[in-house]
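Protein sequence lines, in the order shown, are assigned to chains A and B. Just so we're aligned, residue 453 is where the first sequence starts under the working numbering, counting upward by one. Just so we're aligned, residue 2 is where the second sequence starts under the working numbering, counting upward by one.
Keep in mind that the hints were calculated from the coordinates and are not lab data. Accuracy of the hints is not assured; some may be wrong.
[What the hints assert, rightly or not] Straight-line distance between alpha carbons at most 20 Å, and here's what the computed SDA-like set of lysine to any residue pairs gives:
1) 87/B with 716/A
2) 97/B with 690/A
3) 137/B with 680/A
4) 138/B with 686/A
5) 87/B with 714/A
6) 120/B with 692/A
7) 97/B with 689/A
8) 112/B with 719/A
9) 137/B with 690/A
10) 120/B with 695/A
11) 138/B with 684/A
12) 138/B with 683/A
13) 137/B with 685/A
14) 87/B with 699/A
15) 97/B with 692/A
16) 87/B with 696/A
17) 87/B with 705/A
18) 137/B with 683/A
19) 138/B with 689/A
20) 138/B with 691/A
21) 137/B with 684/A
22) 138/B with 478/A
23) 87/B with 698/A
24) 87/B with 720/A
25) 138/B with 687/A
26) 87/B with 717/A
27) 138/B with 685/A
28) 87/B with 703/A
29) 120/B with 696/A
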Amino acid sequence: MKTTQLAAALALFMLGSPRVFAQVEELARADVKSSKPTPRTADGHPDFNGYWKSIRGTITGNIGKDLPGMKLPLTPAGEAALQHNLTATIDPESLCILGGTPRHNASGLPFEIVQSPKKVVFLYFYSYYRAIPVDGRKHTDDPDPSFFGEEIGHWEGDTFVVDSTGFKDEKVWIDENANPHSDALHVVERWTRPDFEHIHVDTLIEDSKFYTKPFHYTRTWILGQPDETLAEYSCSENNVDQAHLGFGPGGIRPDGTRGYINPAPLPPPITPAKK
Amino acid sequence: MNRRKSPAQCQSKFWGSLPRHSSAPVHASEGGRARLRLTFGGGPPILLTMHARLTAFAALIAGAGLLMVEPARAHHSFAAEFDGNKPMRLVGTITKVEWTNPHAFFYIDVKDDQGNVTKWACEGGGPGALSRRGWKKGDIKLGDTLIVDGYLARDGSHLIDARRVTLPDGRIVSGASAGDGGPQVPGTNP
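Put together the whole structure using the sequences plus the hints.
This is the structure in structure tokens:
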């Protein structure tokens, strides 16, 4: 075998080798076609228990990803709130403040669901959670504002519906890109598990102060490996960045995700001398 | 015998003044078969045949390709803290290691040609992210020499986002935080 062929074969081997693949899998997983049906709990509902990961290729961090041109229907007050977030606020999550709903539905980070008949709990990467009661209760008249809202769950057939109101309006970004929401936010999530490998949400977002009309955010996640689980994460353990972070999310790239645009190249890596 | 230039000899206005690397790779020939001898930081030499070089190169390219697909999903945005127009290379000895969340930090003393020491903080991913890339806490120790390539903090402090780190044993690893929207780095482990 020629040396170049061997090198190519070895490159392909490295791509497919469990060690490399596991490291690249990291926080996202390539989509697969599932051949197993939806698992169910003892009471007959779809079972959402599992470690759920982003599907490779999903546009994450952008709550408007399903809209034409990813353009959010902001009111003038919403535009002003966006400018405020971009120019005068540090990303709340980077300050170890809860991202809340619906930001976490747009996050690229994995999460776990622990499901019981009367409570469905979402466990998030940064070691916090939301616990959704499923006991027939109604919304209170004046809930204390919170980052995840006052969330109430109920079943409609095989769909788990979460209705959330009573949101905070300070130190909140609705997504990674610093888009805003007000205390008028109302979120209705419809969760399904179409097959063994996938979980899906249709998130309806309405906010009469900042958005001219309701809009949807839909997302499908894929099941992680059986031994995958969230690790401990203490956000304030050593948050050195807090003193150095600037305002806003940084640049928004053409694909709608935040990140640096056209960075200058690093020095070339140090390589062995060639004969 | 060919001796490649040290980083100090390769300085340009763009990279600025950097301390001299402690040892330069040396090319040697043994038993009629061309081999490369790579030394870093005073550690034992690593002998690489042509076959091994091509394998490593292919693996690096494969790794680089895989690195390119990470979308943004990190604790904070790279661009909100670091300046992608200010790449730099630091060579220094480790004085402190913080293997913590949200980010691991290691602190290095960088000495210039006049012997003046500047203290730098280098930010990596969280411990889980780094260990997934094959970089364990025990891989670096106080007194080790590291080569850190990354981007300078926007606020001008001696803080660098360590996107590529050359370890004392010669391995080159990505120190970047997973999916922070920062530049992906060719030539590092996936």
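Now the hints, each set against the structure:
1. For the hint linking residue 87/B to residue 716/A, the alpha-carbon distance of about 7 Å falls within 20 Å, and the restraint holds.
2. Annotation: proposed proximity of residue 97/B to residue 690/A holds, straight-line Cα distance about 14 Å (limit 20 Å).
3. Between the alpha carbons of residue 137/B and residue 680/A the distance comes to roughly 19 Å, so the proposed pair stays at or under 20 Å and holds.
4. Taken as a hint, the residue 138/B and residue 686/A pair is honoured in the structure, with Cα atoms around 18 Å apart against an allowance of 20 Å.
5. Note on residue 87/B and residue 714/A: the hinted pairing holds, with a Cα-Cα distance of about 12 Å set against a maximum of 20 Å.
6. Distance hint between residue 120/B and residue 692/A is fulfilled; the C-alpha atoms sit about 15 Å from each other, no more than 20 Å.
7. For the proposed pair residue 97/B and residue 689/A, the alpha carbon gap of about 16 Å is at most 20 Å, so the pair holds.
8. Straight-line distance between C-alpha atoms of residue 112/B and residue 719/A comes to about 19 Å, which keeps the hinted pair within the 20 Å bound.
9. A C-alpha spacing of about 19 Å is found between residue 137/B and residue 690/A, which places the hinted pair at or below 20 Å, so the restraint holds.
10. For the hint linking residue 120/B to residue 695/A, the alpha-carbon distance of about 17 Å falls within 20 Å, and the restraint holds.
11. Under the criterion of a C-alpha separation no larger than 20 Å, the hint pairing residue 138/B with residue 684/A is consistent with the structure, at around 17 Å.
12. Restraint check: the Cα-Cα separation between residue 138/B and residue 683/A comes to about 16 Å, which is no more than 20 Å; the hinted pair holds.
13. Of the pairs offered as hints, the one joining residue 137/B and residue 685/A holds, with about 17 Å between alpha carbons and a cut-off of 20 Å not exceeded.
14. For the given pair, residue 87/B sits about 19 Å from residue 699/A by alpha-carbon distance, which is consistent with the 20 Å threshold.
15. Proposed proximity of residue 97/B and residue 692/A is supported: the alpha carbons are some 14 Å apart, at most 20 Å.
16. Among the hinted pairs, residue 87/B with residue 696/A is consistent with the structure: their alpha-carbon atoms are about 16 Å apart, no more than 20 Å.
17. For the hint pairing residue 87/B with residue 705/A, the CA-to-CA distance comes to about 19 Å; that is within 20 Å, so the pair holds.
18. For the suggested pair residue 137/B and residue 683/A, the alpha carbons sit about 16 Å apart, so the restraint of at most 20 Å is met.
19. For the hint linking residue 138/B to residue 689/A, the alpha-carbon distance of about 17 Å falls within 20 Å, and the restraint holds.
20. Pair hint residue 138/B plus residue 691/A holds up; C-alpha atoms about 19 Å apart against a cutoff of 20 Å.
21. About 17 Å separates the Cα atoms of residue 137/B and residue 684/A, which keeps this hinted pair within 20 Å; it holds.
22. For a cut-off of 20 Å, the pair hint linking residue 138/B to residue 478/A stands: about 18 Å separates their Cα positions.
23. For a cut-off of 20 Å, the pair hint linking residue 87/B to residue 698/A stands: about 16 Å separates their Cα positions.
24. Only pairs whose Cα atoms come within 20 Å are accepted, and residue 87/B paired with residue 720/A is accepted, the gap being roughly 15 Å.
25. For the proposed pair residue 138/B and residue 687/A, the alpha carbon gap of about 19 Å is at most 20 Å, so the pair holds.
26. A hinted pair counts as satisfied when its Cα atoms are at most 20 Å apart, and residue 87/B with residue 717/A qualifies at roughly 9 Å.
27. Proposed proximity of residue 138/B and residue 685/A is supported: the alpha carbons are some 17 Å apart, at most 20 Å.
28. The suggested pairing of residue 87/B with residue 703/A holds, with an alpha-carbon distance near 16 Å, which does not exceed 20 Å.
29. Taking the CA atoms of residue 120/B and residue 696/A, the gap is about 17 Å. The hint holds against a cut of 20 Å.
Going down the numbered hints, you'll see the structure goes against none, and every one checks out.
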